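Visitor: Residue numbers (my numbering), protein chains in the order written: chain A, 1 to 363; chain B, 1001 to 1334.
Derived by calculation from the structure, the hints in this document are not laboratory data. Do not take every clue at face value.
[Claimed, not checked] Over 12 Å on every C-beta distance to chain B, these chain A residues come out as not near it, computed from the model:
#	residue
1	Pro86
2	Leu88
3	Asp102
4	Leu129
5	Tyr166
6	Ala173
7	Arg248
8	Ser268
9	Arg269
[Claimed, not checked] Pairwise CB distance ranges (calculated):
#	chain 1	residue 1	chain 2	residue 2	range
10	A	Leu56	B	Leu1111	18 to 24 Å
11	B	Pro1049	A	Thr108	40 to 46 Å
12	A	Phe99	B	Leu1119	30 to 36 Å
13	A	Ile210	B	Gly1121	45 to 51 Å
14	B	Thr1203	A	Lys283	42 to 48 Å
15	A	Asp102	B	Leu1111	47 to 53 Å
16	B	Thr1203	A	Arg275	53 to 59 Å
17	B	Ser1195	A	Arg272	50 to 56 Å
Model, not experiment: these values are computed from the prediction. Yeah, the Cβ is synthetic: ideal placement off N, Cα and C, and Gly gets one too.
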Amino acid sequence: MTSTATASSVAEPPPALEVRKTGSGSALGRYILIRFLLIFPTVLILVTLVFFLIRLTGDPITAALGGRLPADQLAERIHEAGYDRPILVQYVEYLGRIFTFDFGTTITDNQPVVQVIATYGTATLELVLYSLVIAFIVGIPLGMVAAALRDRWPDALLRVSAILFYATPVFFAGLVAKLVFGVWLGWLPISGRASVRTELAIGRNGGTGIYLIDAIASGNPAYVQDVLLHAVLPALTLGLLTAGIFLRLVRTNVIGTFNMPYIDAARSRGVREGRLVRTHAYKPALIPIITVIGLQIALMLGGAVLTETTFEWKGLGFQLAAYLGSRDFVAVQGIVAMIAIIVAVTNFAVDIIAALIDPRVRY
Amino acid sequence: MTTSRLIDRMPVVHQLRQSVGLQRGMLVAGLVLTGIFVFCAIFAPLIAPYGYAQLDGPDGNFGAQQPPSAAHLLGTTVGGYDVLSRVIWGAQTALMVVIVAIAMSVFLGILLGLVSGYLGGWVDRALVVVADAIYAFPTLLLAIVVAIAINNGQSGLWPGIMAAAASITVVFIPQYFRVVRAEVVRVKTEAFVESAKVIGASTPRIMFRHVLRNSTRTLPLIVTLNASEAIATLAALGFLGFGIQPTVAAEWGYDLNKSISDVAAGIWWTAVPPGLAIVLTVLGITLIGESLNDLADPRLRARRRAGAAKKTPTPADAVAASQPASREMMGEVE
């Protein structure tokens, strides 16, 4: 709900509000329960959609190996994997296996998809976390500045740059960053998560897969520096583009709450403008921001695919693009299904946080 | 706005007159950039110095990765195509995809939203849950899966355009569905719908004549915002290798993908022009959409004079209401 909708619900409470108030005591508990149960249909719908769309073109083995194997071997492998059975039987079986967290085995390199996700997921997590931090640090304060100085030149400048960031595809921004800072200026490495020597050194003891933690654990500052330098360009690219979205969101919502009567009341009590923005207008505006951030994390997974491909950052997205290239649709299906679950759970968490912050949500 | 000549009430003209200052600047900049894009798209055969798949001219083969020169203002790509020509022709591909995608998603989204919102019942609830599920999913991943489904990822001109458009459509339908449905649910309780029922109008007639016409005012806004998203999605698909083959059409995302290795070697002219084309096109359309959005919302509109007509709820509210915030979903699903 954006501030707009909040404003109208304050003016005239919808009828549903009164009805739901009767169960007041455990309202939050009930909300969490229903919201939790909603995860299942969401995941089911997405997994079903992905399954049937991918199987529309035929069985995955022909797609991956067709033309490379003689017809009889191909048929044999299709039979072994059970792809010659009715599609509905396969679908039910697939659903059953998902419940046990079995997403199948990739065709091209014969690895369980869960293993692929565990290996490369940490790299994506690391990139998304860096980018989120940058997006928060840059996007939210600047959005507040833009709202406070509304329609003056800093606002105009910030809004135009936010739209510019929004309009720039993440892969093009990445290519330009590589060109300028990596090739022309030579300041930063342009690909990979760390140099080979560092990768070998910090990966020696297994490690967490999150390179920064591994590098710090190794105790060698040179490795930490190497890992951080490699992260600068990808994280800035994805982070700044997301910051543009946060900026627009914060600006619109803070301006929305700025028109509420209680802001006038606070102003007439002599609250300073800066404090007005920071505490009075910002907090109510936070709810829609949190909700959109939940959606944004889902979108960042899409952006991560492109960013990782641009910077050869060996994460889930890079791997997904590689599997797409080699037409390994079992792997694609597995990774996408896993992402569907992540998205559903993230949205659940975000809604619960929103409900905890804002009592209006749970009634 | 004392006169109510037709031209004043035309969608964009109306907003242009209504706008002042920065907002007008943004709207005009958006209109100019979009105008250039559409111009390039329509007149590509006349403007472009070469064909999009042309490898040799009168002086023989173009050569690969040639730096900009008089013959090739922006150089040639690694595949030996003229960069400038492919950028101009790329506008045509992008425009076609955007038109097909928007047309399909508007049609299907409105139809589903109207039927679902007006008739209600379990179909409505099921559709809302499905639309929310799809809406929350990363659009690019969904588009990839649809691209696989439609043409196995390879494509000629029309199959390619249709595949890209369909991938984008699937992503957009839930948005139109939500917006139209929310409006229909609101409109169907109005007195004029009841009157129509009383005088015995049939359900389809009420739906399409009375409710639909009063439920589409927010659409121009969403269409503009989606058009820019469509171009970005098309480019992203191309970048991941689901684009249209270079011999059948020019596509910016595909060209950018091929320029990844050029960049490491310091070759800028294969990456920057198609990338800038995407940025400027998306920027232009977004500026229009943003301005329309602000102008539609009285609280965001910069005013020339006090007391501008205040409509509630505004189209911007309806767009805001279309965001699948959980509590709405709860309200609708319970």
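Visitor: Would you say the C-beta atoms of Leu56 (chain A) and Leu1111 (chain B) sit inside 18 to 24 Å of each other?
Guide: The hinted range 18 to 24 Å holds for Leu56 (chain A) and Leu1111 (chain B), with Cβ atoms some 23 Å apart.
Visitor: Evaluate the given range 42 to 48 Å for the C-beta pair formed by Thr1203 (chain B) and Lys283 (chain A).
Guide: holds (46 Å)
Visitor: Is the Cβ of Ala173 (chain A) farther than 12 Å from every Cβ of chain B?
Guide: violated (8 Å)
Visitor: Tell me if the beta carbons of Ile210 (chain A) and Gly1121 (chain B) are separated by a distance inside 45 to 51 Å.
Guide: Given a distance of about 49 Å, which is inside 45 to 51 Å, the answer is holds.
Visitor: Check the non-interface label on Leu129 (chain A): least C-beta distance to chain B beyond 12 Å or not.
Guide: holds (17 Å)
Visitor: In terms of Cβ atoms, is chain B entirely out of 12 Å range of Tyr166 (chain A)?
Guide: Contrary to the label, Tyr166 (chain A) does not stay out of reach of chain B, its closest Cβ about 6 Å off (not over 12 Å).
Visitor: Tell me if the beta carbons of Asp102 (chain A) and Leu1111 (chain B) are separated by a distance inside 47 to 53 Å.
Guide: violated (39 Å)
Visitor: At 12 Å, judged by beta carbons, does Arg248 (chain A) keep clear of chain B as stated?
Guide: Nearest chain B Cβ is 8 Å from Arg248 (chain A), so the label is violated.
Visitor: Please check whether Pro1049 (chain B) and Thr108 (chain A) have a Cβ separation lying inside 40 to 46 Å.
Guide: holds (42 Å)
Visitor: Per the stated criterion, does the least C-beta distance between Arg269 (chain A) and chain B lie above 12 Å, as a non-interface residue requires?
Guide: Its Cβ never comes within 12 Å of chain B, the nearest being 23 Å, so this holds.
Visitor: Please test the hint of 50 to 56 Å on the beta carbon pair from Ser1195 (chain B) and Arg272 (chain A).
Guide: Cβ of Ser1195 (chain B) to Cβ of Arg272 (chain A): about 54 Å, so the range 50 to 56 Å holds.
Visitor: Take a look at whether the Cβ-Cβ distance between Thr1203 (chain B) and Arg275 (chain A) falls inside 53 to 59 Å.
Guide: Holds, since Thr1203 (chain B) and Arg275 (chain A) (Cβ atoms, about 56 Å apart) stay within the stated range.
The structure is inconsistent with the numbered hints 5, 6, 7, 15, although it conforms to all the rest.
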